[in-house]
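K.L.:
Here's the letter readout for the chains.
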Amino acid sequence: MGVAPTGDVGSGGGQSNLSQPSPNWIVTSLDWLVNWSRANSLWPMPFGTACCAIEFMATAAARYDLSRFGMERMGYSPRQADMLLCAGRVPFKLAPVLRRIYDQMPQPKWVISMGACASTGGIFDTYAMTQGIDTVIPVDVYVPGCPPRPEGLLYAIMLLHKKIRGETMLDSEIRDEHPLAPGALRMPLADVDELSKGFGSSVHQERSG
Amino acid sequence: MTELNSSVDALRNEFGDKIGEAYVSCGDTVVFIDSEDALDIFRWLRDAPDQSYDYLIDVTAVEHRDLSRPLEVVYFLWSLERKVQLCVKIALPKTGELAVDSVVSIWRGADWLERETYDMFGIEFRGHPDHRRILMWETYAEGYPLRKDFPLRGRFSRSEQVRQALHANPEAHYSLEVLEIADALGDLPEDMKERLARGERGVVPKAEETDDNG
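Sequence order for the protein chains is A and B.
Heads up, the first sequence stops at 381 in the numbering used here, and the numbers go up one at a time, no gaps.
Heads up, the second sequence stops at 227 in the numbering used here, and the numbers go up one at a time, no gaps.
If you are wondering where the hints come from, they were derived from the structure by calculation, not from laboratory data.
The hints are all genuine.
No farther apart than 20 Å at their CA atoms in a straight line, the calculated lysine to aspartate or glutamate pairs in the DMTMM-like style are these:
#1 B:161 with A:297
#2 A:265 with B:151
#3 B:31 with B:60
#4 A:335 with A:203
#5 A:265 with B:132
#6 B:102 with B:129
#7 B:102 with B:22
#8 B:102 with B:124
#9 A:265 with B:155
#10 B:96 with B:63
#11 B:102 with B:27
#12 B:96 with B:71
#13 B:102 with B:49
#14 A:265 with B:129
#15 B:107 with B:79
All chains should be built: construct the whole structure from the sequences, respecting the hints.
P.N.:
Below, the structure is given as structure tokens:
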């Protein structure tokens, strides 16, 4: 925590308005407190669709013990969760459901994409599978692995803690909601195709029929 | 087990030349029948006392790599009483209409099996009470995934696939058919009418730019 140039909030030189806020000791202390409490009581919304969810259960169980991170309370309602944990493959049929669940979560919210399938489509480079959930919702941390071991997921959670601890309330856009219209892509068409290209995509495949 | 099931002879006695080729494959008896008389034959197979195939295990279809060969609709029958199996096939030449009569009236369990076969192969089951896709969403426009001419990654570009998928309404619980029937009977609440009017299952608007759809 740096020493702020002026002693108090709002009146620093008369110029410390909302458009150009500068961090002072109150803001940074509050940031620290808020981020500390958010990071240490993430309530996960498990969106488990496949074998990664089994590893997630193992992570939550006694040996790896998610409650060490204040995460033992699974929010099976998106409205009472902070972190969407997408564990497993997401077919196109499930994509609007995933989007709806993400939109229903209140701010602040983060997303962990667990495993190869959720992150890239994995081996399922087929007509039925989204090639990474980041084509549907924003993702904060990706966990590689097929499925990742619980240690991998714990590392992702600690990375997310690190990210949360770096947030500041001065960034006014960080918690802005931009719900998309039904059917709207959250990135340009070309980007979706580019992201899906990893194992070759329908854009480049040999076509028949 | 290399001998034909006795049902084949019984079928030939009963239906004559409506029964086609029969052979044994991996111990299972396979018999081809005519698509026009399929319903009569199936009903007889279920009801004749010495046949009593009362359980329909599965309905599926086969498309051969040799694209000139006909599609085959496959019915796996089982007699719970006699513990005997019979595999009945109907050949559908691709030049003709890909349609057979639905056997839901004979085996109630055929409902979802036939929907899945329709969903994956595009074979129409005439007289099915709820004839729509079951695995793919109902606005799915790329065709029938298990057909040999269907590319593994689908026909549209990935972005178009995501866009179309996101137009599906995840909260639609009633089929358009059900809503339409209720509407025709004047039995539809106002909010349902509204849902029907705006395309309950989601409407996919035209893409703004032409995609590389092949």
